[in-house]
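Novice: Chain residues, written in single-letter form:
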Amino acid sequence: MNVVPLKFRPMADDGFLFCDDAGGFFKSDEGYLERYATDALTFEDYRFLTSNGHAFDEGNHVARHAFRYRWARRFHIPSELNYVILVPTLRCNLSCAYCQVSRVNENTPGHDWSNETLAAVIAWLESLSTKEIKIEFQGGEPLLRLDLLEKVRSFVRSRFEHSSFVVCTNLQEVTEEAWDFLASDDTNVSTSLDPTVDLHQRHRTVGSASTQQFLRNLRRAVDQFPARVSALPTFDIDALPDPSAVIETYASFGLASIYLRAVNHQGFARKRFRTRETLQTWVSYVRAFIAALIDYNWNSESPMEEYYFSHCLRRVIRGGHDAHVDLRNPNIVGKSYVVVDHDGAFYPTDEARMMSRLGQIDLRMGNVRDGMDRRVVDTVNAEATNLFDADCIHCPYQAFCGVDLIDDLSRYGRIDLPRHETNFCQRHMAIFDLAFELLYSNDPKVRHSLALWSGLEDIDPTLVRVHA
Amino acid sequence: MLIEIAPVFAPYLDEALLRFSYLHPEVEVFKRDGCVEITNEDPAVAASLRHTVYRQKIYKETFALRQSLIESLTG
Numbered sequence: 195m196n197v198v199p200l201k202f203r204p205m206a207d208d209g210f211l212f213c214d215d216a217g218g219f220f221k222s223d224e225g226y227l228e229r230y231a232t233d234a235l236t237f238e239d240y241r242f243l244t245s246n247g248h249a250f251d252e253g254n255h256v257a258r259h260a261f262r263y264r265w266a267r268r269f270h271i272p273s274e275l276n277y278v279i280l281v282p283t284l285r286c287n288l289s290c291a292y293c294q295v296s297r298v299n300e301n302t303p304g305h306d307w308s309n310e311t312l313a314a315v316i317a318w319l320e321s322l323s324t325k326e327i328k329i330e331f332q333g334g335e336p337l338l339r340l341d342l343l344e345k346v347r348s349f350v351r352s353r354f355e356h357s358s359f360v361v362c363t364n365l366q367e368v369t370e371e372a373w374d375f376l377a378s379d380d381t382n383v384s385t386s387l388d389p390t391v392d393l394h395q396r397h398r399t400v401g402s403a404s405t406q407q408f409l410r411n412l413r414r415a416v417d418q419f420p421a422r423v424s425a426l427p428t429f430d431i432d433a434l435p436d437p438s439a440v441i442e443t444y445a446s447f448g449l450a451s452i453y454l455r456a457v458n459h460q461g462f463a464r465k466r467f468r469t470r471e472t473l474q475t476w477v478s479y480v481r482a483f484i485a486a487l488i489d490y491n492w493n494s495e496s497p498m499e500e501y502y503f504s505h506c507l508r509r510v511i512r513g514g515h516d517a518h519v520d521l522r523n524p525n526i527v528g529k530s531y532v533v534v535d536h537d538g539a540f541y542p543t544d545e546a547r548m549m550s551r552l553g554q555i556d557l558r559m560g561n562v563r564d565g566m567d568r569r570v571v572d573t574v575n576a577e578a579t580n581l582f583d584a585d586c587i588h589c590p591y592q593a594f595c596g597v598d599l600i601d602d603l604s605r606y607g608r609i610d611l612p613r614h615e616t617n618f619c620q621r622h623m624a625i626f627d628l629a630f631e632l633l634y635s636n637d638p639k640v641r642h643s644l645a646l647w648s649g650l651e652d653i654d655p656t657l658v659r660v661h662a
Numbered sequence: 041m042l043i044e045i046a047p048v049f050a051p052y053l054d055e056a057l058l059r060f061s062y063l064h065p066e067v068e069v070f071k072r073d074g075c076v077e078i079t080n081e082d083p084a085v086a087a088s089l090r091h092t093v094y095r096q097k098i099y100k101e102t103f104a105l106r107q108s109l110i111e112s113l114t115g
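Residue numbers (my numbering), protein chains in the order written: chain A, 195 to 662; chain B, 41 to 115.
No lab work stands behind these hints: they were computed from the structure. Each hint should be verified, as a subset may be incorrect.
Said to hold, decoys possible - In the DMTMM-like style, the derived pairs of lysine to aspartate or glutamate whose C-alpha atoms are separated by at most 25 Å in a straight line are:
1) K100(B) / D223(A)
2) K71(B) / D233(A)
3) K71(B) / E228(A)
4) K100(B) / D585(A)
5) K100(B) / E224(A)
6) K345(A) / D374(A)
7) K100(B) / D583(A)
8) K221(A) / E101(B)
9) K529(A) / E111(B)
10) K100(B) / E252(A)
11) K100(B) / D374(A)
12) K100(B) / E615(A)
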């Protein structure tokens, strides 16, 4: 009988969680752990392990093949390049305290695509082999160059069989021409809405008139195309609002997803906000927020999710949830998506673009005129998996987790720090601890929200098995 | 604190203690005959040491199976 490697971790309530490489898991006790570690498994143990997919007879090719399939589903295989983030301008009409991207003032010359750069971007897009593409317009404030957005979108629609677009806009100044542009069914709006209106004004819009203007624009957007608008808050670790106030703010605009996102360490904002030694405060806040959402969903007809926790939960339940670029394994950068900056330079990620602007490390991958140069990025990519990491190999969450080497580079200037000392690891340990704590909860309120967030009708007992 | 280590773990003990020392640099570890002595009285630290030994044994003993599964996945 082959028992696949089982990695374990004590749970908060004195049991142990066991997980295999393919993401199969169960809960048991110290007695089982002792038997497993000392080669003293009983017939009942083997029967349970077999029924839960952790063991198979040598000749049972179906069971072995099934395990391999489940394991393979845990790996992210990068697609061909089909997701392009374009930065047609760095200019912005706001000066937010915790701006996460590089930006310059609205009237600063020399930070937009030139006609020559636009032509090179179009020619480069023309050369892509994909039939399906997603274009994300970022900035600066991309609506300041609506003319460039229109030209790119028009070309992309005619060039590719399927295309979709995201405009990352602050929705501060939206002309009628821009509203017309945003009204297309293939175009989504991603904006910033801070945890509360007061915080939004304090950190972004500054004045009451500007705040009201933004709120009117956001209201118009969610009224006009509700399914195509998303908003992201940014949290200052030293001014965390009551979770119910954030939920209320988002619910008032009919927004069903909140992404708890602290001020980003990779950008300029870290000069003005605390981004180090914040983890315990942040983790406690996330736990309180999830608890508040669970209560809210129990009594609400319009449930809400916290995006990242829900994403991690879905990754626990089954493989293949690789839509979020910061949590993949392997996390190959510069392959299926790239950033094209205001000067035509390629970057593997937006965070890499920020790090270059800060002078921390140059991760440019060539430019739209001369083509891609992947040498530096491929060096990073050689380490872009947790599969053989000396720490991760013992971690029960390995199958659900990933790596974020850009984050490691940003925080520590290196990618070989012991994993458990990194912010990435500590943050994800806390998230997965919470996910399993809730998965094994019998509270109907908890099960109700977990089912909503994971896309299941209910948390079936066969999913969260316990071996006595 | 003395922690008894069963003979079945002996082949994996050195590697496990190396790993434990790196996970708990504040704790001194001494290998004794059939047991390990640590300069810490916290039962949670003792449990961590035992679990580190378990993990090392599991890792080593399942390495060949894991390797064959990876090879069959990657061709």
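Novice: The structure should be examined with respect to each hint, and the outcome stated for every one.
Specialist: Hints, verified against the model:
Taking the CA atoms of K100(B) and D223(A), the gap is near 23 Å; set against the 25 Å cutoff, the hint holds. For a cut-off of 25 Å, the pair hint linking K71(B) to D233(A) stands: about 23 Å separates their Cα positions. For the suggested pair K71(B) and E228(A), the alpha carbons sit about 21 Å apart, so the restraint of at most 25 Å is met. Annotation: proposed proximity of K100(B) to D585(A) holds, straight-line Cα distance about 14 Å (limit 25 Å).
Distance check on the hinted pair: K100(B) and E224(A) sit about 21 Å apart at the alpha-carbon level, within 25 Å; holds. Distance hint between K345(A) and D374(A) is fulfilled; the C-alpha atoms sit about 14 Å from each other, no more than 25 Å. With a C-alpha separation of about 15 Å, the suggested pairing of K100(B) with D583(A) holds against the 25 Å cut-off. Taken as a hint, the K221(A) and E101(B) pair is honoured in the structure, with Cα atoms around 22 Å apart against an allowance of 25 Å.
As the CA atoms of K529(A) and E111(B) are separated by approximately 24 Å, the hinted pair is consistent with the 25 Å bound. Only pairs whose Cα atoms come within 25 Å are accepted, and K100(B) paired with E252(A) is accepted, the gap being roughly 19 Å. With a C-alpha separation of about 62 Å, the suggested pairing of K100(B) with D374(A) is violated against the 25 Å cut-off. A hinted pair counts as satisfied when its Cα atoms are at most 25 Å apart, and K100(B) with E615(A) qualifies at roughly 24 Å.
When the structure is compared with the earlier hints, a violation turns up for hint 11 alone.
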